[in-house]
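**Q** Assemble the whole structure, with the sequences as input and the hints as a guide.
Below, each chain spelled out in residue letters.
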Amino acid sequence: MLPSAAVYYFPWEINSSVPEGEALRTFGRLHCYDLARSEAILTAQHSSAHYHVCVDTRFVEPFQAQLGSCYMVLGETEHREGEGPVVKARILTCVEGMNVPLLEQAIQEQRKYQQDRSRR
Amino acid sequence: MQSEIRKYEEETPSLHWGMDPVFSAFARLYIKDIKEMRESKQVPGIFFYNGHPIRQVDVVGIVVQMRERDAFYSCGVDDSTGVINCVCWKNPMAAETSLPDHPSTHSSLTVLEQMKKLREIVSQKTKLKIGDVVRVRGHIRTYRQQREIQASCFYKVDDPACDIQISRMLELPCLYREVYDKPFQGPKEGQSGLEGQNFSINMLHEKVKGFLLENRIQTFYQQELETIDTLVSLADVHLPSCSCQEVKSESNSSSKRIHSAFEEAIRMLQEKGVVFQKPSSSKDLYYVTDYDKELLKVTLDVIKEDCRKPRHAEKGCHFLHVLSCVRQSYNPFLAEVVIHRVLELLESNSDVVSTMEGRLVFQVSPLLPYKV
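Each protein sequence line maps, in turn, to chains A and B. Residue numbering for the first sequence follows full-length UniProt numbering, beginning at 1 and increasing consecutively. Residue numbering for the second sequence follows full-length UniProt numbering, beginning at 1 and increasing consecutively.
If you're looking for bench data, these hints aren't it; they were derived computationally from the structure. Hints may be right or wrong, so weigh each one.
[As the list claims (entries may be wrong)] Computed from the model, here is a short list of chain B residues facing chain A with C-beta under 8 angstroms:
hint, residue
1, Gly76
2, Asp78
3, Val83
4, Asn85
5, Gly131
6, Pro160
7, Cys162
8, Ile166
9, Met169
10, Leu170
11, Pro173
Heads up, the beta-carbon is just placed ideally off N, CA and C, and yes, glycines get one too.
**A** Structure representation (C-alpha cells):
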C-alpha cells in the first residue's frame with residue numbers, strides 16, 4: 001500500500017485548518033531539537049512574521065541535527081490537544097544551501113498551473 | 001458535454017502515433033497524471049494524456065517506500081502530486097563479473113582502477129533507500145490493478161540543495177502548457193482538403209500492400225478489403241466529422257468515400273505492379289503479383305527456354321524479350337511494372353541473376369537448382 005502524495009505546504013500554512021493525517025512536505029530552519037521528546041522545531045519567516053512548525057522525529061531517528069540549517073520534512077499532520085499541529089516526519093533531510101525564494105516561486109507556479117487546469 | 005464524451009472516446013489510430021513527437025519521448029508528466037491517464041484500447045501499455053499517445057515516462061521524486069528483492073527494488077516515488085511504484089532492476093553485470101587480479105601491464109592497471117571506480121559510482125547511484133531523490137525512466141504497466149513504472153533506467157539524484165527538484169517544478173508547468181496540454185494535430189485536422197486526403201490514401205495503400213503480402217493473399221475483390229476493420233479505419237480517418245442531423249446521409253456518403261479511397265489505393269498498387277488484373281476473369285478481381293504462381297512459372301520458363309539458346313547462354317536474355325513472351329503466352333495486357341516486380345522477386349529468390357546493369361538481361365542462376 002503506497003502512502004498518499006505529500007503536497008507542498010508553506011510553513012505559514014501549517015495551522016489548525018490542515019486536516020488530520022494530511023500527507024505534506026514543508027521546510028524551515030532547524031531552531032531546536034529535543035532528543036528526549038523526539039521533537040524538532042523548524043522556523044520560517046514570511047512577510048515580517050515568524051512561523052514555526054513542530055516536527056515529531058520519532059520515525060527518522062537517529063539523525064544529525066545541525067541547528068540553524070535548512071531542512072525539508074515530509075510526513076503526516078497530527079493535531080494534539082493544547083498544541084498546534086505536529087508533522088510526524090517520515091523523511092527529514094538537511095537541504096542547507098537551498099534557494100528558498102526560488103522554491104517558494106516553484107511551489108506557486110505548480111499551484112497556479114494546477115488551478116488553471118482545474119478551472120478548464 | 002457531448003463533445004467532451006466524443007473527445008474521450010476517440011483515439012488516434014495507432015498508425016498515426018509516431019507522428020506525435022511525445023510518443024517517442026520520455027514524457028515528463030506529473031505522477032498524478034501518469035496514474036490517471038487513460039489506457040489505449042488498441043494497444044495496452046500505451047496511454048493517452050490529452051490525446052497524446054504516451055509510451056514512456058520520466059519522473060523525479062523522493063523514495064517514500066522501499067522493498068528490496070534479490071533482483072530489483074520496488075520503490076514508491078513521490079513527486080508531491082502522486083506516488084507511484086517503480087520497479088528498478090539491479091544491474092547483474094556489475095555484481096557478478098570479476099576483474100582479473102593480476103594486471104599484466106601498467107596501462108591495464110590504470111584501466112582496471114578506472115573500471116573499479118566506475119563500478120563503485122554505478123553501485124552508489126543505484127543503491128536506493130527511503131528519502132533519496134530518484135529519477136526513473138521507463139514504461140508504464142498495470143500490476144494488480146495498480147499502475148507502476150518498469151524502469152529502463154534509474155539513478156539516485158545528487159540534489160543536496162534541491163536545485164534539480166526546484167528546476168523541474170518550474171519547468172513542468174511550461175512543458176505542460178507548451179506541449180502536453182496542446183492537442184496533437186493529427187493528419188485528420190492538421191491537413192485539409194487534397195493534401196490531407198493524399199496523405200491518407202498513401203497510408204492506406206501502404207497498409208493494403210502490407211496486408212496482402214503478410215497474409216499471402218493471391219486474389220481479392222475490393223469489397224473484401226472494405227470489410228477489414230484496420231484498413232477501413234484508415235480510409236475513414238481523414239473525413240471531417242459532420243453534425244448529427246445528417247446521420248443517414250453522412251453514413252451513406254462516408255461509405256462512398258471509403259469506397260473511392262480504396263479504389264485509389266488499389267490503382268496506386270497497380271501502378272507499382274503489386275497487383276494486376278486479367279482480362280479473362282471478373283473485372284473486380286485483383287491478382288497479387290508476388291503470389292501468382294502461374295505468372296512466376298511462365299516468366300521463369302521463358303527465361304529458361306531462352307537461355308538454352310547458344311547466343312543467350314552467356315549473356316542472358318533481354319528484358320523486352322521476356323516481356324513480349326510473357327504477354328504472348330499469359331496475358332497480353334500485362335503491365336511492364338508487373339514483370340519488373342516478378343523479375344525482382346525471382347532474383348531475390350536466386351532463381352535468376354541479372355548480368356548487366358539496369359536489370360536488362362537475365363539468366364538462370366547457374367549455382368542453384370531451378371525452383372518454381
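**Q** Should the interface hint for valine 83/B be scored as holding, given a Cβ-Cβ cut-off of 8 angstroms against chain A?
**A** Since the shortest Cβ distance to chain A is 5 angstroms, the answer is holds.
**Q** Isoleucine 166/B was flagged as interface toward chain A. Is the shortest Cβ-Cβ separation under 8 angstroms?
**A** 5 angstroms, holds
**Q** Are aspartate 78/B and chain A close enough, Cβ to Cβ, to be under 8 angstroms, as the hint says?
**A** Cβ of aspartate 78/B sits 6 angstroms from chain A, so the hint holds.
**Q** Min Cβ distance, leucine 170/B to chain A: is it shorter than 8 angstroms?
**A** 5 angstroms, holds
**Q** Should the interface hint for asparagine 85/B be scored as holding, given a Cβ-Cβ cut-off of 8 angstroms against chain A?
**A** 6 angstroms, holds
**Q** Taking the closest Cβ pair, is cysteine 162/B under 8 angstroms from chain A?
**A** Hint on cysteine 162/B: holds, closest Cβ of chain A at ~5 angstroms, below 8 angstroms.
**Q** Quick check on glycine 76/B please, does its C-beta sit within 8 angstroms of some C-beta on chain A?
**A** 5 angstroms, holds
**Q** So, as I understand it, the hint says methionine 169/B touches chain A; can you test that by seeing if any CB pair is closer than 8 angstroms?
**A** Holds - the Cβ of methionine 169/B comes within 8 angstroms of chain A, reaching about 4 angstroms at its closest.
**Q** Quick check on the hint: proline 173/B CB to chain A CB, less than 8 angstroms?
**A** 4 angstroms, holds
**Q** Against chain A, with CB atoms and a cut of 8 angstroms, does the hint on glycine 131/B hold up?
**A** Interface hint status for glycine 131/B: holds (4 angstroms vs cutoff 8 angstroms).
**Q** Classify the hint on proline 160/B as holds or violated, based on whether any CB of chain A lies nearer than 8 angstroms to its CB.
**A** 7 angstroms, holds
Checked against the numbered hints above, the structure violates none of them.
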